[in-house]
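Undergrad: As a plain string of letters, each chain reads:
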Amino acid sequence: MSFVTRGFRGRRRQDAPVDRVPPGQYVTADFPVLSAGPTPRISQEEWAFNVTDRDGSERSWTWAEFMELPSESITVDIHCVTKWSKLETVWRGVSLDVLLSGLDTSSGYAQAYSYGGYTTNLPVVDLTGGKAWIAHSYDGRPLAPEHGGPARLLVPHLYFWKSAKWVRGIVLSDEDRPGFWESYGYHNYGDPWREQRYSGD
Amino acid sequence: MAGAAVQRRLTWLVAEVVDLIEETATVRTVVFEVPGWAGHLPGQHVDVRLTAEDGYRAQRSYSISAPEEGTRVEITVERVEDGEVSPFLVEDLLVGDRIELRGPIGGYFVWEPGRDGPVQLIGGGAGVAPLMAMVRARAAAGTAEPMALLYSARSESDIVYRAELDAIAKASDGIEVTYILTRSWPPGWDGFTKRVDREILEEVAIPPHLDPTVFVCGPTGFVETVASILVDSGHRPDRIRTERFGPTGEP
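For the record, the sequence lines run as chains A and B.
Start counting at 1 in the first sequence, then tack on 66, and there's your number in this note's numbering.
Start counting at 1 in the second sequence, then tack on 4, and there's your number in this note's numbering.
Be careful, since some hints might not be right.
Unchecked claim - Only pairs whose alpha carbons sit at most 20 Å apart, straight line, appear in this in silico SDA-like list of lysine to any residue:
{"#": "1", "chain 1": "A", "residue 1": "Lys197", "chain 2": "A", "residue 2": "Thr128"}
{"#": "2", "chain 1": "A", "residue 1": "Lys152", "chain 2": "B", "residue 2": "Gly87"}
{"#": "3", "chain 1": "A", "residue 1": "Lys152", "chain 2": "B", "residue 2": "Glu88"}
{"#": "4", "chain 1": "A", "residue 1": "Lys152", "chain 2": "A", "residue 2": "Phe69"}
{"#": "5", "chain 1": "B", "residue 1": "Lys198", "chain 2": "B", "residue 2": "His213"}
{"#": "6", "chain 1": "A", "residue 1": "Lys152", "chain 2": "B", "residue 2": "Ser65"}
{"#": "7", "chain 1": "A", "residue 1": "Lys152", "chain 2": "B", "residue 2": "Pro117"}
{"#": "8", "chain 1": "A", "residue 1": "Lys152", "chain 2": "A", "residue 2": "Gly183"}
{"#": "9", "chain 1": "B", "residue 1": "Lys174", "chain 2": "B", "residue 2": "Ser188"}
{"#": "10", "chain 1": "A", "residue 1": "Lys152", "chain 2": "B", "residue 2": "Lys198"}
{"#": "11", "chain 1": "B", "residue 1": "Lys198", "chain 2": "B", "residue 2": "Lys174"}
{"#": "12", "chain 1": "B", "residue 1": "Lys174", "chain 2": "B", "residue 2": "Gly87"}
{"#": "13", "chain 1": "A", "residue 1": "Lys152", "chain 2": "A", "residue 2": "Arg243"}
{"#": "14", "chain 1": "A", "residue 1": "Lys152", "chain 2": "A", "residue 2": "Pro189"}
{"#": "15", "chain 1": "A", "residue 1": "Lys152", "chain 2": "B", "residue 2": "Pro223"}
{"#": "16", "chain 1": "A", "residue 1": "Lys152", "chain 2": "A", "residue 2": "Ala210"}
{"#": "17", "chain 1": "A", "residue 1": "Lys152", "chain 2": "A", "residue 2": "Val237"}
{"#": "18", "chain 1": "B", "residue 1": "Lys174", "chain 2": "B", "residue 2": "Pro150"}
Said to hold, decoys possible - Here are the in silico distance ranges between beta carbons for each label pair:
{"#": "19", "chain 1": "A", "residue 1": "Gly206", "chain 2": "B", "residue 2": "Asp23", "range": "20 to 26 Å"}
{"#": "20", "chain 1": "B", "residue 1": "Val18", "chain 2": "A", "residue 2": "Leu135", "range": "48 to 54 Å"}
{"#": "21", "chain 1": "B", "residue 1": "Arg199", "chain 2": "A", "residue 2": "Glu111", "range": "30 to 36 Å"}
{"#": "22", "chain 1": "A", "residue 1": "Asp163", "chain 2": "B", "residue 2": "Ser188", "range": "32 to 38 Å"}
{"#": "23", "chain 1": "A", "residue 1": "Val156", "chain 2": "B", "residue 2": "Ala171", "range": "48 to 54 Å"}
Keep in mind the hints are simulated off the structure, nothing from the lab.
Virtual Cβ for every residue (Gly too), placed ideally from N, Cα, C.
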């Protein structure tokens, strides 16, 4: 493209390999907080996580039961639609492969819902195959409330609004229902490498 | 949650700088003329894209600080130490220069005149920008809903839009403006002189029993503090809408 802004040179940040930073993103060392409302304060005692299958059947874990499940260490790059990317973030969490085991995950859609009312949607196949977790720790510590604690969804291959904070459950469905930001013009899928920020991108 | 954004494609538009307003030592308002702009609601933001001669690009998001007015779009930018884009916008950009932008973006942190009920706006630093679009819209429309702005700045000289806010508060029925200065204040200053806390919010914010919609915008720590106090004071969490500027200082 021939468009140029006079006088702009920019600061090419060479501290990150180009193939790690999606188009339009910049690398930050901080961990910015972005939420649409107040941070819900959910104790581990009241926390529970539910999975609802297509037929309405449910499975549910208390915090103690959830923490008995096998946790993995996860080191991933994360990309926020507000343009920042953070490389090599270190989490611990339970794979969705564990939480959805035995269910038909070959097709359909998932809606994640959170304490506080937030929702987001994504294809079920984006939750399985070692691509998504319910994370309970960040950087060696219990996940802080402003970052989604007690636990959040972690789907690092999509823009970070898909990684629902304060997650309390996932509903599987044959129907794709737009979540909170998806209803306000953000992209339905949100692949950072295809720069799918907004509807129509 | 009425008013969900229309699902349409947001294309990059060429925006020409038509005015620059030096608001404070570190804050500047940039007014663009944007052919093809489709309009926006107070509280929405734009993505700005700068392209260097060698093709290098940088993108950032900025809140729009004035209500819809044809194809004019204005943003208010605070220069961030060590920032990549904001120092260029605040120090180097000239009238006649062109950048690219697209929007409007965001449909939740918005307000427009005629919506039911009182509105409490709470801004910290440059976080006042999207709230100013709401204040200006309310003042221009002359509608009846009460609106109160609580605005925290470091010092008197850091208050953006001071003269206009004072004039609006004086001239408009039902719009109140309260300042908080957190670091320094002039002799004789009779406003608050500390960081926002429960005492201030319970004294001047529209109380929970009037069920105001509350918009809070500012740095993360400010927003976390204010939103927590509001919930503890009895405001319904789903009536509190927040916009946070991360610790990176951008956007």
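Undergrad: Decide, hint by hint, whether the structure agrees.
TA: Each hint tested on the structure:
1. Lys197(A) with Thr128(A): violated (23 Å)
2. Lys152(A) with Gly87(B): Roughly 16 Å separates the two Cα atoms, so the pair holds.
3. Lys152(A) with Glu88(B): holds (17 Å)
4. Lys152(A) with Phe69(A): violated (29 Å)
5. Lys198(B) with His213(B): violated (26 Å)
6. Lys152(A) with Ser65(B): holds (17 Å)
7. Lys152(A) with Pro117(B): violated (39 Å)
8. Lys152(A) with Gly183(A): Between Lys152(A) and Gly183(A) the Cα gap is close to 26 Å, so the pair fails against 20 Å, i.e. violated.
9. Lys174(B) with Ser188(B): violated (25 Å)
10. Lys152(A) with Lys198(B): Measuring from Cα to Cα gives roughly 34 Å; hence the hint is violated.
11. Lys198(B) with Lys174(B): violated (25 Å)
12. Lys174(B) with Gly87(B): The given pair, whose Cα atoms are some 37 Å apart, is violated under the 20 Å limit.
13. Lys152(A) with Arg243(A): Violated, at about 29 Å.
14. Lys152(A) with Pro189(A): violated (24 Å)
15. Lys152(A) with Pro223(B): Given that 20 Å is the threshold and the Cα spacing comes to 19 Å, the pair holds.
16. Lys152(A) with Ala210(A): OK: Lys152(A) and Ala210(A) at ~17 Å, within 20 Å.
17. Lys152(A) with Val237(A): violated (29 Å)
18. Lys174(B) with Pro150(B): holds (14 Å)
19. Gly206(A) with Asp23(B): 20 to 26 Å: violated (50 Å)
20. Val18(B) with Leu135(A): 48 to 54 Å: Holds - the Cβ-Cβ distance for Val18(B) and Leu135(A), about 53 Å, lies within 48 to 54 Å.
21. Arg199(B) with Glu111(A): 30 to 36 Å: Taking Cβ atoms as reference, Arg199(B) and Glu111(A) lie about 32 Å apart, which means the hint holds.
22. Asp163(A) with Ser188(B): 32 to 38 Å: Violated: the Cβ-Cβ distance is about 56 Å, outside 32 to 38 Å.
23. Val156(A) with Ala171(B): 48 to 54 Å: Hint holds: Cβ distance 52 Å, inside 48 to 54 Å.
When held up to the earlier numbered hints, the structure conflicts with 1, 4, 5, 7, 8, 9, 10, 11, 12, 13, 14, 17, 19 and 22 and fits the remainder.
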